[in-house]
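Asks: Chains as they are written, first to last, in my numbering: chain X, 59 to 370; chain W, 59 to 370; chain B, 59 to 370.
Quick caveat, the hints were computed from the structure, so don't treat them as lab data.
We put the CB at the ideal spot given by N, CA and C, even for glycine.
Take these hints with a grain of salt, some might be off.
Said to hold, decoys possible - Straight line, CA to CA, 20 angstroms or less: simulated EDC-like cross-link-like pairs of lysine to aspartate or glutamate:
hint, chain 1, residue 1, chain 2, residue 2
1, B, 345, W, 136
2, W, 143, B, 110
3, X, 143, W, 159
4, X, 143, W, 136
5, X, 345, B, 145
6, B, 302, W, 145
7, W, 143, B, 290
8, B, 172, X, 290
9, W, 143, B, 159
10, W, 306, X, 145
11, B, 143, W, 136
12, X, 143, W, 145
13, X, 345, B, 290
14, B, 345, W, 145
15, W, 345, X, 145
16, X, 143, B, 110
17, X, 306, B, 145
18, W, 302, X, 110
19, B, 207, X, 145
20, X, 302, B, 145
21, B, 143, X, 145
22, W, 143, X, 145
23, B, 306, W, 145
24, B, 143, X, 290
What the hints assert, rightly or not - Selected chain B positions facing chain X (in silico; Cβ < 8 angstroms):
hint, residue
25, 136
26, 137
27, 139
28, 141
29, 142
30, 144
31, 145
32, 147
Stated by the list, open to error - Derived list of chain X stretches under chain B, where covered just means 3 residues or more per stretch with a C-beta under 8 angstroms from a C-beta of chain B:
hint, segment
33, 134–142
34, 176–190
35, 261–268
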Amino acid sequence: MTLTGKDLISTKDLTREDYEYIFEITKRIEGRNAQGLTHVLPDRIIALLFFEPSTRTRLSFSTAVKRLGGETIGFSGEEATSIMKGENLADTIRVVEQYADAIVIRHPLDGSAKYAAQVANIPVINAGSGAEEHPTQALLDLYTILREKGTIDELTIGLIGDLRYSRTVHSLLYALTNFDVTVYLISPPLLKLGESIKGHLHEKGVHFKEFDNLADCISELDVLYVTRIQRERFVHPEEYLKVKDSYKINMKTLSNAKENLIVMHPLPRVGEISHEVDNTSHAVYFKQVRYGLYVRMAILSMIFGREDRITG
Amino acid sequence: MTLTGKDLISTKDLTREDYEYIFEITKRIEGRNAQGLTHVLPDRIIALLFFEPSTRTRLSFSTAVKRLGGETIGFSGEEATSIMKGENLADTIRVVEQYADAIVIRHPLDGSAKYAAQVANIPVINAGSGAEEHPTQALLDLYTILREKGTIDELTIGLIGDLRYSRTVHSLLYALTNFDVTVYLISPPLLKLGESIKGHLHEKGVHFKEFDNLADCISELDVLYVTRIQRERFVHPEEYLKVKDSYKINMKTLSNAKENLIVMHPLPRVGEISHEVDNTSHAVYFKQVRYGLYVRMAILSMIFGREDRITG
Amino acid sequence: MTLTGKDLISTKDLTREDYEYIFEITKRIEGRNAQGLTHVLPDRIIALLFFEPSTRTRLSFSTAVKRLGGETIGFSGEEATSIMKGENLADTIRVVEQYADAIVIRHPLDGSAKYAAQVANIPVINAGSGAEEHPTQALLDLYTILREKGTIDELTIGLIGDLRYSRTVHSLLYALTNFDVTVYLISPPLLKLGESIKGHLHEKGVHFKEFDNLADCISELDVLYVTRIQRERFVHPEEYLKVKDSYKINMKTLSNAKENLIVMHPLPRVGEISHEVDNTSHAVYFKQVRYGLYVRMAILSMIFGREDRITG
Chain X
59 MTLTGKDLIS
69 TKDLTREDYE
79 YIFEITKRIE
89 GRNAQGLTHV
99 LPDRIIALLF
109 FEPSTRTRLS
119 FSTAVKRLGG
129 ETIGFSGEEA
139 TSIMKGENLA
149 DTIRVVEQYA
159 DAIVIRHPLD
169 GSAKYAAQVA
179 NIPVINAGSG
189 AEEHPTQALL
199 DLYTILREKG
209 TIDELTIGLI
219 GDLRYSRTVH
229 SLLYALTNFD
239 VTVYLISPPL
249 LKLGESIKGH
259 LHEKGVHFKE
269 FDNLADCISE
279 LDVLYVTRIQ
289 RERFVHPEEY
299 LKVKDSYKIN
309 MKTLSNAKEN
319 LIVMHPLPRV
329 GEISHEVDNT
339 SHAVYFKQVR
349 YGLYVRMAIL
359 SMIFGREDRI
369 TG
Chain W
59 MTLTGKDLIS
69 TKDLTREDYE
79 YIFEITKRIE
89 GRNAQGLTHV
99 LPDRIIALLF
109 FEPSTRTRLS
119 FSTAVKRLGG
129 ETIGFSGEEA
139 TSIMKGENLA
149 DTIRVVEQYA
159 DAIVIRHPLD
169 GSAKYAAQVA
179 NIPVINAGSG
189 AEEHPTQALL
199 DLYTILREKG
209 TIDELTIGLI
219 GDLRYSRTVH
229 SLLYALTNFD
239 VTVYLISPPL
249 LKLGESIKGH
259 LHEKGVHFKE
269 FDNLADCISE
279 LDVLYVTRIQ
289 RERFVHPEEY
299 LKVKDSYKIN
309 MKTLSNAKEN
319 LIVMHPLPRV
329 GEISHEVDNT
339 SHAVYFKQVR
349 YGLYVRMAIL
359 SMIFGREDRI
369 TG
Chain B
59 MTLTGKDLIS
69 TKDLTREDYE
79 YIFEITKRIE
89 GRNAQGLTHV
99 LPDRIIALLF
109 FEPSTRTRLS
119 FSTAVKRLGG
129 ETIGFSGEEA
139 TSIMKGENLA
149 DTIRVVEQYA
159 DAIVIRHPLD
169 GSAKYAAQVA
179 NIPVINAGSG
189 AEEHPTQALL
199 DLYTILREKG
209 TIDELTIGLI
219 GDLRYSRTVH
229 SLLYALTNFD
239 VTVYLISPPL
249 LKLGESIKGH
259 LHEKGVHFKE
269 FDNLADCISE
279 LDVLYVTRIQ
289 RERFVHPEEY
299 LKVKDSYKIN
309 MKTLSNAKEN
319 LIVMHPLPRV
329 GEISHEVDNT
339 SHAVYFKQVR
349 YGLYVRMAIL
359 SMIFGREDRI
369 TG
């Protein structure tokens, strides 16, 4: 298996073998604490094109490139906004590929990363496209589960919050179809997982069950994956406030949880997880951030066929 | 001939010998595909001061510096705007020259780059000053012509669009006075080339002719250089729309063109060239972007007297 | 004495011995003109978190890191603003410390840098916190005095302008308690130094005296440190204008000054020092900028315990 010269657009495109190989490389990087690896990409320039704000993901990729000895160019913020207004995406990609050796793209539209990959002659990594996919987040989520639970198979994994619009959830679910897991989908009716993804899960033989309330299933979970519920999804503010409070994770919520339940979150959080949870052994969301660095370093070294430069 | 320690403010300051030497260094860089050159400026920091937005030019210089092993510092966007409000340009330059080894400046005012060069004790490269000059763009335009046509001399070069306010056009025309070319200037009356530049062309013995319509001269052209016509130049919107459509380059416009006509554009385009042209052999505007990287790498290595580190 | 692994939050935390050691390392860097030192931090990533705009300080740290061979990640401007709205500071710090090896933070709130240092497991350098402290500015100010006057002890140092809200002044005064100096505090009544800092100076045995007018003490000064008076501090515009003019430094103001008086300013200036002063030997404010680079390089190498890599 090789990612050399390939794009990473959707977790649908990866096989179980791919995941295992990516995690093997990631583990080598973790073993070195991400240090001493500046010989991997010393001559590579990676363009970070953030058409949508995302400080965390941008800093994560930026660090990953630099820990591997590479350099970054790119844009974000108001500059990105004015580019989107000024020319079409294809032209931007055709210009940037004259400069960079690979492109990392975050874009508010579904299909944007895929389109960029079709236009570009260099590898494109999807760093979040619309409400659709965020494959490197899914990879780091899986790696977190693997490292914190020792396995992904045979776990019961609960996903809670906005399952309809969260690209993080979608990419993670596609990825989980490669593993032998039971998935619990916990959300208010308005934010239930879309039918097409449910169809995909059925087809792939994933066992899943839907819940309105976390209390009904918390005791069975090995992993609880929390996502943010955004006010803008609700027509009535009072409906949002009700949902928001009933989906908040705190010590009381966790009182019936397994002792070794891990609580994950893609961050940033704005109240979905109470700070009192931070100091418990359940909380792994800041560890996720660290694992994310390792995973992105693995992906970047692999698309350039340089993973052999990372010795264990 | 040497650029060591010099500023690059205007193409007026360069001789034919200068151009030929710059293109020789550029060709060496092209021969190496811009790779394996991080030993050229490994200890140099270049300040990119973009007081006016220009993602393409900024990314081009940023890539050029990094492919040569150097580092960048700088600002753009709202940060640049607030600096312009907060202190005078001389103070900004005097501060930045304490940090960097050279300055690349883009500024909305005519004369800004020249003034910065007078204040600074380190080399200053003009990356676009007002409506006045954009010398590195002219250099990459000339290099594109040289590479795509095999020569600059004896060509008939058409420039179309906003000839009055385009700094790209002005710098290119100054540069072309060093070559034996015929220049066709195609623009609506409102946007004709200014008298002072026309006087300069006369003085230097450049053969040029003015046209209102491309159709009247397209069959004679070896090169067609397209620039954007901006809505803001017109008092009446309908006048803009009329001009905009009649200056748009598409397959129909090109039906009478020479088979080996090349169509150039400094980018970004917003409709001046139809996308159907992109896949023809006429289109060289994305190649221009690549050549621009090589040219800027040449200029940067030369102002530090390091071009001998670039072996062919 | 060692700064290895330590935070730099306040000049109150440093002893005379600390200052002398920092200046010794700084002098070594100055002796090398900041060149040839990319072997000091080749594997370190420093996060520059600018929650408040400060181009000069950001470029200074950015240059310092890169001259030492390190890399930067970070944010500023509107991106910083949206982060502040989106999550609490502790979460931001906990994320960033997964990526970087040290954090440089500028933040509009008093106590912010100290709080960041408590949260973080990596060294934190305060690059300006509220109206409170700006320790690296104080270090570069002291180093400037040392280099330009040959000593800090036995000097009479005047500070003029907004002494109440200037963090630069506060950090400098805390630092000066370690030296045998006389301090003249020159400001309009509204902007006099706060009582708590005056108490601190008393306690430490610093000789200081307050003045309303510079004319009353200019002839006695060895150093004149000028700060900006901000319009926003005044209720009545006419009061601001009166103060602004009477605190402006020009050739007339300096006519009674000692010949070897040095005039300092943290920059940017907006009229506090007339440009006619720039070309006199009194003016050292652009030299301060250069010394600032050396000092920050010293601090950065020291928090990583790498100062031994800087040979004299």
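Asks: Look at each hint and say if it fits the structure.
Replies: Here is how each hint holds up against the structure:
1. 345(B) with 136(W): 27 angstroms, violated
2. 143(W) with 110(B): This hinted pair holds, its Cα atoms lying about 17 angstroms apart.
3. 143(X) with 159(W): Roughly 35 angstroms separates the two Cα atoms, so the pair is violated.
4. 143(X) with 136(W): Distance of about 17 angstroms is within 20 angstroms: holds.
5. 345(X) with 145(B): 18 angstroms, holds
6. 302(B) with 145(W): The hint holds at about 16 angstroms.
7. 143(W) with 290(B): 16 angstroms, holds
8. 172(B) with 290(X): 35 angstroms, violated
9. 143(W) with 159(B): Between residue 143(W) and residue 159(B) the Cα gap is close to 35 angstroms, so the pair fails against 20 angstroms, i.e. violated.
10. 306(W) with 145(X): Satisfied, since the Cα-Cα distance of roughly 16 angstroms is no more than 20 angstroms.
11. 143(B) with 136(W): Roughly 19 angstroms separates the two Cα atoms, so the pair holds.
12. 143(X) with 145(W): 31 angstroms, violated
13. 345(X) with 290(B): 44 angstroms, violated
14. 345(B) with 145(W): 18 angstroms, holds
15. 345(W) with 145(X): Answer holds: residue 345(W) to residue 145(X) is near 18 angstroms, not above 20 angstroms.
16. 143(X) with 110(B): With a Cα-Cα distance of about 28 angstroms, the restraint between residue 143(X) and residue 110(B) is violated, given a limit of 20 angstroms.
17. 306(X) with 145(B): Holds, at roughly 16 angstroms.
18. 302(W) with 110(X): 31 angstroms, violated
19. 207(B) with 145(X): Since the Cα atoms of residue 207(B) and residue 145(X) sit roughly 57 angstroms apart, the hinted pair is violated (cutoff 20 angstroms).
20. 302(X) with 145(B): Roughly 16 angstroms between the alpha carbons, so the hint for residue 302(X) and residue 145(B) holds.
21. 143(B) with 145(X): Distance ~31 angstroms between residue 143(B) and residue 145(X) Cα, so the pair is violated.
22. 143(W) with 145(X): Violated. Residue 143(W) to residue 145(X) sits at ~29 angstroms, over the 20 angstroms cutoff.
23. 306(B) with 145(W): 16 angstroms, holds
24. 143(B) with 290(X): 16 angstroms, holds
25. 136: Since the shortest Cβ distance to chain X is 6 angstroms, the answer is holds.
26. 137: 6 angstroms, holds
27. 139: Residue 139(B) check fails; min Cβ-Cβ to chain X is 10 angstroms, beyond 8 angstroms.
28. 141: This hint holds: residue 141(B) lies near chain X, its Cβ roughly 6 angstroms from the closest one there, short of 8 angstroms.
29. 142: Nearest chain X Cβ about 11 angstroms off; hint violated.
30. 144: 5 angstroms, holds
31. 145: 4 angstroms, holds
32. 147: 12 angstroms, violated
33. 134–142: holds (count 3)
34. 176–190: violated (count 0)
35. 261–268: violated (count 0)
Against the hints set out earlier in the document, violations occur for numbers 1, 3, 8, 9, 12, 13, 16, 18, 19, 21, 22, 27, 29, 32, 34 and 35.
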